[in-house]
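Assemble the complex: chain A is given as a structure, and chain B must be docked to it using the hints.
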Amino acid sequence: MRQYGVLLVKELREALRTGKLIWLPAVFVLLGLIQPISAKFMPDIIAAAGNLPEGAVIQIPIPRPGEVLGQVLGQFGMIGMLAICLAYMGTISGEKRNGTAAWILVKPVAPLAYVASKWTALCLIVGFSFALGYGAAWYYTDLLIGRADAAMVVGSGFLYYAWLVFVGTITIAASAWIRSPAGAAFSAFGLALVLQLVRGLFENKLSWLPSELNSSAIVGLTAGESSSWTTAAFVTAIGVLALMTVAVKGANAARP
Amino acid sequence: MNNILVADNLSRSFGRTEAVKEASFAIGEKRCIALLGPNGAGKTTTLSILAGLLEPSSGKLKASGELPGDRRRWMGFLPQHPSFFGWMTGRETMLTAGRLCGLSATEAARRSEELLEAAGLKDAAHRRVAGYSGGMKQRLGLAQAVIHSPRLLLLDEPVSALDPIGRRDVLEMLADWKQKMTVVLSTHVLHDAEQICDELILMNKGRVVVQDGMEQLRRAAGKPFLRIVAERSENASRWIAGLRDLPEATSVEDEECQCRIETDHLDALRDKVLRSALEQGVKLTTFEVGRKSLEHWFMEAVRS
Numbered sequence: 001m002r003q004y005g006v007l008l009v010k011e012l013r014e015a016l017r018t019g020k021l022i023w024l025p026a027v028f029v030l031l032g033l034i035q036p037i038s039a040k041f042m043p044d045i046i047a048a049a050g051n052l053p054e055g056a057v058i059q060i061p062i063p064r065p066g067e068v069l070g071q072v073l074g075q076f077g078m079i080g081m082l083a084i085c086l087a088y089m090g091t092i093s094g095e096k097r098n099g100t101a102a103w104i105l106v107k108p109v110a111p112l113a114y115v116a117s118k119w120t121a122l123c124l125i126v127g128f129s130f131a132l133g134y135g136a137a138w139y140y141t142d143l144l145i146g147r148a149d150a151a152m153v154v155g156s157g158f159l160y161y162a163w164l165v166f167v168g169t170i171t172i173a174a175s176a177w178i179r180s181p182a183g184a185a186f187s188a189f190g191l192a193l194v195l196q197l198v199r200g201l202f203e204n205k206l207s208w209l210p211s212e213l214n215s216s217a218i219v220g221l222t223a224g225e226s227s228s229w230t231t232a233a234f235v236t237a238i239g240v241l242a243l244m245t246v247a248v249k250g251a252n253a254a255r256p
Numbered sequence: 001m002n003n004i005l006v007a008d009n010l011s012r013s014f015g016r017t018e019a020v021k022e023a024s025f026a027i028g029e030k031r032c033i034a035l036l037g038p039n040g041a042g043k044t045t046t047l048s049i050l051a052g053l054l055e056p057s058s059g060k061l062k063a064s065g066e067l068p069g070d071r072r073r074w075m076g077f078l079p080q081h082p083s084f085f086g087w088m089t090g091r092e093t094m095l096t097a098g099r100l101c102g103l104s105a106t107e108a109a110r111r112s113e114e115l116l117e118a119a120g121l122k123d124a125a126h127r128r129v130a131g132y133s134g135g136m137k138q139r140l141g142l143a144q145a146v147i148h149s150p151r152l153l154l155l156d157e158p159v160s161a162l163d164p165i166g167r168r169d170v171l172e173m174l175a176d177w178k179q180k181m182t183v184v185l186s187t188h189v190l191h192d193a194e195q196i197c198d199e200l201i202l203m204n205k206g207r208v209v210v211q212d213g214m215e216q217l218r219r220a221a222g223k224p225f226l227r228i229v230a231e232r233s234e235n236a237s238r239w240i241a242g243l244r245d246l247p248e249a250t251s252v253e254d255e256e257c258q259c260r261i262e263t264d265h266l267d268a269l270r271d272k273v274l275r276s277a278l279e280q281g282v283k284l285t286t287f288e289v290g291r292k293s294l295e296h297w298f299m300e301a302v303r304s
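One line per chain: the protein sequences are A and B, in this order.
Just so you know, the numbering used here puts 243 at position 243 of the first sequence, and the rest follows in order with no gaps.
Just so you know, the numbering used here puts 285 at position 285 of the second sequence, and the rest follows in order with no gaps.
Okay, chain A solo, but in the shape it has when bound:
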């Protein structure tokens, strides 16, 4: 337990020193800001772009606040998820390759403590980044477009955060087994995309997939009422546990 704490401090300090704690939030904040601003000013932007005949009337309805926040989550769903995969693609394989994983594991440290500290750091860092980005989006939506239903915004935020953590967990598990960081990032990102796609294709039958959390959050914001996500949350929790087991095995099995 003490080792877990020491390793967690190490992970967070590493994230700070290597800049992960700066660029990951920056990506999310940037993504979060673009959507409400562009939604509000789209007519002006198009008008300013020129090439329009004199007297053209542009009518783009300004979306409702909930819709804007839903679009923000959609943005997070591609680039934000990719950023998480990139940030964590080498978290175990990199340490294995350069020998620092061995440095930790020759000490009386349980592999579970090693992986769990990484996972906790992921939860904290992704939580921080997502909260900043989502918070910024919410603030600007409030400022530029209008008030969104707070309960819905917070609820969807939590659902979406759970989905991001799930994707991060896939990345950690992949990096425990796949030597190449790019390979780990690709498999995690690919798996997340496939989950989303499959969920979209078989909407009725596969609503228990973890990707349901993602779509439920977005639908909740845009339509104002969320679908049932309890089964999906349960499946996600089991998925995280399973992925952690896989990661611990990976960290343990291929010690250098």
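Hints listed in this document are in silico derivations from the structure and should not be mistaken for laboratory results.
Please read these numbers as outputs of a predicted model, since none were measured by experiment.
Here a beta-carbon is modelled for each residue, glycine too, at the ideal position from N, C-alpha and C.
There's no promise every hint is true.
[Unchecked claim] When the alpha-carbon atoms are kept at most 25 Å apart in a straight line, the in silico DMTMM-like pairs for lysine to aspartate or glutamate are as follows:
| id | chain 1 | residue 1 | chain 2 | residue 2 |
| --- | --- | --- | --- | --- |
| 1 | A | Lys249 | B | Glu55 |
| 2 | A | Lys96 | B | Glu279 |
| 3 | A | Lys96 | B | Glu29 |
| 4 | A | Lys20 | B | Glu92 |
| 5 | B | Lys122 | A | Glu14 |
| 6 | A | Lys96 | B | Asp70 |
[As the list claims (entries may be wrong)] Pulled from the structure, derived: some chain B residues nowhere near chain A, Cβ distances all over 12 Å:
| id | residue |
| --- | --- |
| 7 | Asp8 |
| 8 | Glu92 |
| 9 | Phe287 |
[Stated by the list, open to error] Covered by chain B, according to a simulated footprint, are these stretches of chain A (three or more residues, beta-carbon under 8 Å):
| id | region |
| --- | --- |
| 10 | 1-7 |
| 11 | 61-72 |
Chain B alone, transformed into the frame defined by chain A:
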């Protein structure tokens, strides 16, 4: 003598290559043991098994009963190419290592300062490890490996990659520590092993060739000897037969006019023999001083 770790028929294979084959040896308490062998002899694999980084494919490791079951609690390990988190400072590395080994925060801080001082890294302690030189990293590696005062210290090629100064620093640190703990170090340089170790485990092609004390080995490897050949004459035969009676000679093999004398007192014997040869007018054709060194013995053992 107490053994703190006994290896019984350890084997480890990677795919089809057998890196270690049925290695059996014992690690006694408060000994400094060299694991000697040419490159590819299985030294690193053996040490990794001892350190618990690799599981043996077969065979057993038995630790002394009084020690805790988790070997890592009373063992320190320094791999061949020690790696650290480049973004940590030297002091943070020491503190993290200490805390991971189960020391309290104050205890870890105290040991860190003590060992940084001993390793000559006090002034560099606040600098990031990424900027350390190879020698500094090696000393930091040694210091962090003993932060929890282990009973057994395993070092993989601790001096092979260092310049003469770094080598001397490390050997001095080890000479100090071997009073307090068992040290097992691997090396392919016999000279390093001879300098600080008092026991030798020779490995070749994955097998343990021999394990013995350094002194015993040196003695067994052979005493210095004189080989003398004289021009054939009655006088010479008589003279050579007379060499048997020299008090310094421990064993003499002679034929007619040549002989081979082993001795413990080479200089005195050489003096006497030459003098008497001159006095008696013996015409020497060959006068050779030889010594079968550990180096010779090592080469022979490795080639066979």
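Now for the hints, and whether the structure bears them out:
| no. | hint | result |
| --- | --- | --- |
| 1 | A:Lys249 - B:Glu55 | holds, 14 Å |
| 2 | A:Lys96 - B:Glu279 | violated, 74 Å |
| 3 | A:Lys96 - B:Glu29 | violated, 32 Å |
| 4 | A:Lys20 - B:Glu92 | holds, 19 Å |
| 5 | B:Lys122 - A:Glu14 | holds, 23 Å |
| 6 | A:Lys96 - B:Asp70 | holds, 22 Å |
| 7 | Asp8 | holds, 22 Å |
| 8 | Glu92 | violated, 8 Å |
| 9 | Phe287 | holds, 55 Å |
| 10 | 1-7 | holds (count 4) |
| 11 | 61-72 | violated (count 0) |
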